[in-house]
Every structure is written in C-alpha cells, then in structure tokens.
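Asks: Sequence:
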Amino acid sequence: MKRDKNAIQKATLPQHITVLYLRLKLAWVEWMDRQSTRLGRRGQYIGLVLFVSISLSCCLLLIFGGTSKIINATIEPLPISK
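So the sequence shown is numbered by the working numbering: it starts at -5 and just counts up by one.
Quick caveat, the hints were computed from the structure, so don't treat them as lab data. Computed from a predicted model, the values in this text were never measured in an experiment. Note that beta-carbon positions come from the ideal geometry of N, C-alpha and C, so glycine has one too.
Computed Cβ-Cβ distance ranges for the label pairs, DEER-style: (1) 53 to 7: 34 to 40 angstroms; (2) 48 to 11: 30 to 36 angstroms; (3) 75 to 26: 51 to 57 angstroms; (4) 13 to 34: 34 to 40 angstroms; (5) 55 to 23: 31 to 37 angstroms; (6) 58 to 12: 40 to 46 angstroms; (7) 10 to 41: 31 to 37 angstroms; (8) 71 to 34: 51 to 57 angstroms; (9) 75 to 38: 53 to 59 angstroms; (10) 23 to 49: 21 to 27 angstroms; (11) 74 to 47: 44 to 50 angstroms; (12) 22 to 46: 18 to 24 angstroms.
Could you build the full structure based on these sequences and the hints that come with them?
Replies: Here is the structure:
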C-alpha cells in the first residue's frame, strides 16, 4: 500500500500553539464556571469590591509614593568609559 505525501500532514508550531491556547481557554472557562457557581452574586460583588479597592490603593501608593519621600529613587546615567 502506497501512501501519498500530501495525505500525511505534520502539525506545525502555530497549530500546536492554537491547540494549546484553545485547551487553556477551555480550562479557564470551566474553572470560572465552577467558581461562579460556588460563589453567589453577593460573594462575587464582595470579591470585585476587594479587588478594585486593593488595586486602587496600590496605584495611589505608586503615584503619590513616587512623588513624595517614601519612595525616592534617582536615575543617574552611567559614566562613559573609553
């Protein structure tokens, strides 16, 4: 039995990446579905409020901490050696 060269196709790297992406996306959707069924709507809102408040406080710390003396980093150029 003779095989045709066109019949056998090897998967290329982009095809492997696409398959891996789709598997990870499916795993993420399944995990999020389990989490959303585990938490009620009230728990989801509480989690969202906590996430937003923590993110906002970190951003404000970085913004105002960088302009005050809490975080004081000076950027100096390196000396040029010949």
